[in-house]
Structures are given as C-alpha cells and as structure tokens.
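The chain contents come next:
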Amino acid sequence: GIQVEQSPPDLILQEGANSTLRCNFSDSVNNLQWFHQNPWGQLINLFYIPSGTKQNGRLSATTVATERYSLLYISSSQTTDSGVYFCAVGGSNYKLTFGKGTLLTVNP
Amino acid sequence: DTGVSQDPRHKITKRGQNVTFRCDPISEHNRLYWYRQTLGQGPEFLTYFQNEAQLEKSRLLSDRFSAERPKGSFSTLEIQRTEQGDSAMYLCASSVKRDWQFFGPGTRLTVL
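Note that the protein sequences, when read in sequence, are chains D and E. Heads up: the first sequence begins at 1 in my numbering, then just goes up one per residue. Heads up: the second sequence begins at 1001 in my numbering, then just goes up one per residue.
Okay, chain D solo, but in the shape it has when bound:
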C-alpha cells in the first residue's frame, strides 16, 4: 500500500512565526487531504489538494504530484493553531492512508 511520511514529527513555534509541514508519499494519488486534529479528536478538513496550490487565509498548501510530496504552510501562527496536523492520501481505491502527523505547539 501507499506509504506516507510527515515531517517534522514535532514543531514548537512562537506566536507570529511561520512554518512549513511536509508530506511525502510513495505512489501516485487521486486524493490528498490535510487535516488539523483538535484536542477533542475531531479531524478538521483544511485542504483537498491532490495537485496544485490552494490558499485559505493564513494557511496554504502545495502538492507536487509528479514528485510525490505536499507542503502545508502556516503563516503568522496563533496559539489556536496548536494541535496535530495530518496528511492523508488516497490511491486507486478509496481509503485514506494517514501519516503519523506533525504535533505543532505555538507558544504565546
């Protein structure tokens, strides 16, 4: 099956800093989603981005499908951005394969 690797595993920032999270995957994909998991366990959709670039406020994402990676950018981070960020990919079948996540801590 598809392998998904996320880096870094942990990231600590001061409020206002920018960050880049990376997701590498091992095969071609039809679906790639970025999620933020809040402290209660809810997975919040950030982006559906199997290719290209999208922006939503302070967040943006880029997927280079031919090179099998995706990047999530967080600008001007806030304490409420803290949590685990997951990348998940789907291949020719329908299931999502998740990475192990990046734990982001934003300190005031």
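One thing to keep in mind: the hints can contain errors.
[What the hints assert, rightly or not] Here are the computed lysine-lysine pairs in the BS3-like style, where the Cα-Cα straight-line distance is at most 25 Å:
{"#": "1", "chain 1": "E", "residue 1": "1057", "chain 2": "D", "residue 2": "100"}
{"#": "2", "chain 1": "E", "residue 1": "1011", "chain 2": "D", "residue 2": "54"}
{"#": "3", "chain 1": "E", "residue 1": "1097", "chain 2": "E", "residue 2": "1057"}
{"#": "4", "chain 1": "E", "residue 1": "1011", "chain 2": "E", "residue 2": "1057"}
{"#": "5", "chain 1": "E", "residue 1": "1057", "chain 2": "E", "residue 2": "1071"}
{"#": "6", "chain 1": "E", "residue 1": "1071", "chain 2": "E", "residue 2": "1097"}
Hints are computed from structural coordinates only; laboratory data are not their basis.
With chain D held as given, fit chain E onto it using these hints.
Okay, now just chain E, sitting in the frame of chain D:
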C-alpha cells in the same frame, strides 16, 4: 448540511462485552468509511461502504468486528467480545465520489 455525527461519543466497557457504534453521514453522501485511531498514531482504514454495499475490509477488521449500512443511510460498527487492544478512537467519514472525506467527532472506546 449537518456534519457527520457519531453516537456514543464515549464508551467504557468491560472486556468480553459487545459494543455497537452508530454513524450518520452527511445526507446524500453515498460513501461511508470507518477508521480507527490509537494514541499517537494516524487513523487507520477499517472498512468502506458505497451505498449499502461493503466494498472493502481491512485486515485490521477481525472476525469480532462487523459493520453494516442498511438502506445506504446510517452505519453501525459492532465489536463482539471486546479486548483491551480494541481501546481506540473509532472515526466515521463520508464523501461524495472520490472527493473530500468529512469526519465525525469519533467514538472513544475504553475496554477495562
């Protein structure tokens, strides 16, 4: 649209008991997925329905696990003879075609 809902949100049970979880997908989403997440890990795929048909089951889904989606609407996931290793967050998601999967809040199972 209301989101994906799951019930119960928390379940504590004793080893050997049976438990059943329910998932209500976003209306008109014909695809429904179950995942399991253990502490410190990403969610792992368990099974997938298109309408009422169960099209794929993971090897993680032992014989003690069964899932149904009668009439292609809500789904139930039953675990028989629970074991301590079944303790996890059980997540349900729904989608239209191969599009965004939207996740519910999850059911956190603790097996004592």
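So, going through the hints one by one against the coordinates:
1. E:1057 x D:100: Holds - the C-alpha atoms of residue 100 of chain D and residue 1057 of chain E are around 21 Å apart, at most 25 Å.
2. E:1011 x D:54: violated, 38 Å
3. E:1097 x E:1057: holds, 18 Å
4. E:1011 x E:1057: holds, 23 Å
5. E:1057 x E:1071: OK: residue 1057 of chain E and residue 1071 of chain E at ~19 Å, within 25 Å.
6. E:1071 x E:1097: holds, 18 Å
Comparing the model with each earlier hint shows a violation of hint 2 alone; every other hint is respected.
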